[in-house]
Amino acid sequence: MSAPGKRRKSRELAMQMLFQLDMGKNTPDQVRNTFWKARDEDDADVRGFAEDIFRVAVAREPEVTELIVKHSAHWKLERMASVDRNVLRMAIAEMLGFPGTPAPIVINEALEIARRYSAPESINFLNGVLDAVAKARLNG
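Residues 1 to 140, numbered by UniProt numbering, are exactly what the sequence shown covers, in order.
Quick caveat, the hints were computed from the structure, so don't treat them as lab data. Some hints could be false.
[Said to hold, decoys possible] The calculated BS3-like cross-link candidates involving lysine-lysine, where the alpha carbons are at most 30 Å apart (straight line), are:
| id | residue 1 | residue 2 |
| --- | --- | --- |
| 1 | LYS9 | LYS37 |
| 2 | LYS76 | LYS135 |
| 3 | LYS25 | LYS37 |
| 4 | LYS135 | LYS37 |
| 5 | LYS135 | LYS6 |
| 6 | LYS25 | LYS70 |
| 7 | LYS9 | LYS135 |
| 8 | LYS37 | LYS6 |
| 9 | LYS25 | LYS135 |
| 10 | LYS70 | LYS9 |
| 11 | LYS37 | LYS76 |
| 12 | LYS25 | LYS9 |
[What the hints assert, rightly or not] Ranges of calculated distance between the beta carbons of each label pair, as one might list FRET restraints:
| id | residue 1 | residue 2 | range |
| --- | --- | --- | --- |
| 13 | GLU112 | ASP52 | 16 to 22 Å |
| 14 | ASP52 | SER2 | 15 to 21 Å |
| 15 | ALA44 | ALA73 | 37 to 43 Å |
| 16 | MET23 | ALA132 | 34 to 40 Å |
| 17 | ASP45 | GLU112 | 14 to 20 Å |
Glycine residues also receive a C-beta, built at the ideal position from the N, C-alpha and C atoms.
Using the sequences provided together with the hints, build the complete structure.
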């Protein structure tokens, strides 16, 4: 698998862990442990980057949530589709934790993942929120 392919797989796995955390009552450590037991992902790079994004999303959850709420124009977090909410968390965590990755790449990757898991009408919404977050970070 190419390096970009590995990165996308990592992002997808991070989103899935965040989704699992969002849906259940487990701690982040419990989610991470049960998540990997159910997967046969043996590529250390894929797994490592997925865990890095997950850790940033959990550690900076208040900041991630604030950015989502601030830039989601009249959408309450709890009213968003669960997949959409966690695609946003994954992408914003990467923007915060890995500023060396250009925001357009993070946004494009998030939208590609959303195309697999979310409703087609969510793509424009996700793009708008992530673009607003990226612009605010550039100007802020």
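Structure-based check of all given hints:
no., hint, in the structure
1, LYS9 / LYS37, "holds, 17 Å"
2, LYS76 / LYS135, "holds, 21 Å"
3, LYS25 / LYS37, "holds, 18 Å"
4, LYS135 / LYS37, "violated, 38 Å"
5, LYS135 / LYS6, "holds, 27 Å"
6, LYS25 / LYS70, "holds, 26 Å"
7, LYS9 / LYS135, "holds, 26 Å"
8, LYS37 / LYS6, "holds, 20 Å"
9, LYS25 / LYS135, "violated, 34 Å"
10, LYS70 / LYS9, "holds, 28 Å"
11, LYS37 / LYS76, "violated, 33 Å"
12, LYS25 / LYS9, "holds, 25 Å"
13, GLU112 / ASP52: 16 to 22 Å, "holds, 19 Å"
14, ASP52 / SER2: 15 to 21 Å, "holds, 19 Å"
15, ALA44 / ALA73: 37 to 43 Å, "holds, 40 Å"
16, MET23 / ALA132: 34 to 40 Å, "violated, 26 Å"
17, ASP45 / GLU112: 14 to 20 Å, "holds, 19 Å"
Violated hints, in rising order: 4, 9, 11 and 16; the structure is consistent with all others.
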